[in-house]
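Asks: Using the hints, position chain B against chain A.
Protein chains in written order, with this note's numbering: chain A, 193 to 628; chain B, 193 to 628.
There may be inaccurate statements among the hints.
The list treats identical chains as one, so a pair stands whether inside a single copy or across any two.
[To be verified] Listed below are the simulated BS3-like cross-link pairs for lysine-lysine, each with C-alpha atoms no more than 27 angstroms apart in a straight line:
hint	residue 1	residue 2
1	Lys450	Lys384
2	Lys450	Lys260
3	Lys450	Lys284
4	Lys511	Lys400
5	Lys284	Lys349
Honestly, the hints are just simulated from the structure, not real lab data.
The structure displayed is predicted, hence computed values, not measured ones.
Number of protein chains: 2
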Amino acid sequence: MIIAALASAPGKAGISVIRLSGNNTVNIVKEYLSIEEKLQDVEYNKLYLTEFINEGESIDQITVAFFKEGNSYTGEESAEIFCHGSPIIVRKILEAFYLEKGIREAEPGEFTQKRFMNGKMDLVQAEAVIDLINSESDAAFISSREQLEGGLSEELKKINAMLIELMSILELELDFAEEDLDFTPNEEIIRKIDLAVEVINKFVVGYKKGRIYRDGIKVALVGEVNVGKSSLMNAFLKSDRVIVTDIAGTTRDIIEEKIEVNGYLLRIFDTAGIRETQDIIENEGISRSRKLIEEADIILHILDSTNPSEEEFLGNIIKVYNKCDLEDVIIDENSVKISCKTGVGVEELKHQIVKKVIDEKLSYQPYYISNIRHFNILKETVSQLEQAKLSIQEGQNNEVVIVDMRQALDTLGEITGETTSMDIINNIFGNFCIGK
Amino acid sequence: MIIAALASAPGKAGISVIRLSGNNTVNIVKEYLSIEEKLQDVEYNKLYLTEFINEGESIDQITVAFFKEGNSYTGEESAEIFCHGSPIIVRKILEAFYLEKGIREAEPGEFTQKRFMNGKMDLVQAEAVIDLINSESDAAFISSREQLEGGLSEELKKINAMLIELMSILELELDFAEEDLDFTPNEEIIRKIDLAVEVINKFVVGYKKGRIYRDGIKVALVGEVNVGKSSLMNAFLKSDRVIVTDIAGTTRDIIEEKIEVNGYLLRIFDTAGIRETQDIIENEGISRSRKLIEEADIILHILDSTNPSEEEFLGNIIKVYNKCDLEDVIIDENSVKISCKTGVGVEELKHQIVKKVIDEKLSYQPYYISNIRHFNILKETVSQLEQAKLSIQEGQNNEVVIVDMRQALDTLGEITGETTSMDIINNIFGNFCIGK
Chain A
193 MIIAALASAP GKAGISVIRL SGNNTVNIVK EYLSIEEKLQ DVEYNKLYLT
243 EFINEGESID QITVAFFKEG NSYTGEESAE IFCHGSPIIV RKILEAFYLE
293 KGIREAEPGE FTQKRFMNGK MDLVQAEAVI DLINSESDAA FISSREQLEG
343 GLSEELKKIN AMLIELMSIL ELELDFAEED LDFTPNEEII RKIDLAVEVI
393 NKFVVGYKKG RIYRDGIKVA LVGEVNVGKS SLMNAFLKSD RVIVTDIAGT
443 TRDIIEEKIE VNGYLLRIFD TAGIRETQDI IENEGISRSR KLIEEADIIL
493 HILDSTNPSE EEFLGNIIKV YNKCDLEDVI IDENSVKISC KTGVGVEELK
543 HQIVKKVIDE KLSYQPYYIS NIRHFNILKE TVSQLEQAKL SIQEGQNNEV
593 VIVDMRQALD TLGEITGETT SMDIINNIFG NFCIGK
Chain B
193 MIIAALASAP GKAGISVIRL SGNNTVNIVK EYLSIEEKLQ DVEYNKLYLT
243 EFINEGESID QITVAFFKEG NSYTGEESAE IFCHGSPIIV RKILEAFYLE
293 KGIREAEPGE FTQKRFMNGK MDLVQAEAVI DLINSESDAA FISSREQLEG
343 GLSEELKKIN AMLIELMSIL ELELDFAEED LDFTPNEEII RKIDLAVEVI
393 NKFVVGYKKG RIYRDGIKVA LVGEVNVGKS SLMNAFLKSD RVIVTDIAGT
443 TRDIIEEKIE VNGYLLRIFD TAGIRETQDI IENEGISRSR KLIEEADIIL
493 HILDSTNPSE EEFLGNIIKV YNKCDLEDVI IDENSVKISC KTGVGVEELK
543 HQIVKKVIDE KLSYQPYYIS NIRHFNILKE TVSQLEQAKL SIQEGQNNEV
593 VIVDMRQALD TLGEITGETT SMDIINNIFG NFCIGK
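Okay, chain A solo, but in the shape it has when bound (with noise of 0.2 angstroms):
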């Protein structure tokens, strides 16, 4: 079966892109082009000018490429079409195929787990990709790029051989187990277990630098009615690159910003909104705007400096002394004046938002998982394996130790798709845009 799709943006112009991958794409697309490359032995990698031809309507002058099995993107045979970016010329094209015997549209994420299932990338790879296509700041560009480029596989193979050689050492042992052999004593493969752990952890606390590096810093904006809150925003707004959300139409009722700052995404929440609609479904907004504080990297507690609130938040927090080109408020370190109105202080706000959360220069770890899925995975082999470590110390015989240590392993095997089920897998390319 082969698949097809529109693999760039859907809309109108210069150039769109149709991709299609499977046995015998060649022979099938080479019958819509002009008499000329229909009729000679395609070059690989090579664009050819030529004509889409439908019914003997020419839909478009295109250009068209083959890639040869085992030299493609997904590994099989495929093809990509260079189009005029018309919609309906993509309509028209892609209608063309499908209508065609063993030709359907591809599935989200097709082309990539085809890919990964054709062994030219491995699950975490093929996370990254998403990842790459939505990064919306260099930190989740790097991180999703390092990712991509194997830097996570490469720690995680390197942890799966430690927790192999674990695996050999108790089998070997459980071989000769008859014979009362006894070649690794019990404290040394403890050690090696605690150095896996260790090793692991490294990730598992890893994730938080991970997640801000892919998703950004979730800042909230809390403080009494009128102190400043979206003018702050608007502060932030006017002096930095705007990210524009792309869920045009959909309802927020959490009023979401993004900038970027020193590489970082700072998503900016505006409580604001929350409150101004308490009063319709009261609960439902203190219930929001509550998550929201509790979800929030760091929380900007804005106040009046004419006339500076009680109130007190908890987490980690910056008040913000709003108005102070009207009134002068001395202030202690985790404090900051600021002027929506002159500007002065908002600046230095942003990067004091980074350094907080941060407290370093943006330079990326192998470690810094960004994903929860691989969290959760990390927590559980760690969890496993110290079951693994408990049976040693009750005494227990090696091969109850061995199946924990086989479940760590398959746990582990999760993250790189080894041991991954269909159902998440499937899950996970659901996730992509189809075309990709």
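Replies: Coordinates of chain B only, in the frame set by chain A:
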């Protein structure tokens, strides 16, 4: 100067395409590639799988193709880069280029403008490119495709040849004027002018059809409150593929929806919205409503079968008796009975609209010009030819007639770009998207 821009639609996707054109493009792009591609001589029209590296940082794994001067879209040395469809990657690649001396961001339509300037297509064909990208129906697709392929250009060349033949006759007469030789009788020249006018007028008359091919049939829904205008709109949309307009965020005072019927785009305007806001800016609302009705190709006058209004509208009208499930009315040939509730008659009404406006199957003729610029130029050419004819009839000497004829020829040349001013050319390409 090299120009560079994103050529595929902006947004997150599998693939994005970046296009560059200008002298030395190959050498400049090569500097950013992996060492292997950087050092080797490039083959044109071949896809290289490589990395895009900026200041030591690998930005993305890309494929890139180079095109030779004289054998590219623009006619200049060019390159196309296919990267992951990640806006941040696109930004990073373009920013790297824009920081180079001698590369700048392409203006809207500049790639196609270069193609035109380098004589690879005329202005009529260039205008067809933008129409093709914007086409939203089979009819629009067919007409822009035909125009791009040179169908209209061929017809215009024939007219041009007629006028040039006339010119040479007149000039010949002039050369021998002193010898008082008269090769061609005036009647013969007038006959030839009349013939040219007749041919051109076929195009002038064809404009209405061409416009409908390209822009669709404007349908205005009018009628009193609660007769079912919005219900009819919904009934139309329910059964058909709705064309999604991509002018998100634009305030639309008039509700416009688009559907495709028999290959034609129906642009349905509901005047309900205008009436509802009449109390706010009454005059504005009425004048818009009036303008809409005047400009409509057809008016659907919706009436309530149970209580039909006596109001009458002028123009190309279909009277639509809604709620025919409740009351059976007697109708004439310009009326239809429908029920938006049960769906009865809705499908037939759509086809009747097309039939009443077009009165034929989708069958494109090359003299269906669709561009108001072409329309105005051809009308002007006709009036200048009429002036030449008048000069002959008035017994003016050939020099005067030649001036008239020269003017007609120059005017005609404005269509294909031979005599078009740079202001008008820039204005035409300014309506393109960037990257085309």
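Asks: Hints numbered earlier in the text: which of these fail when held up against the supplied structure?
Replies: 1, 2 and 5
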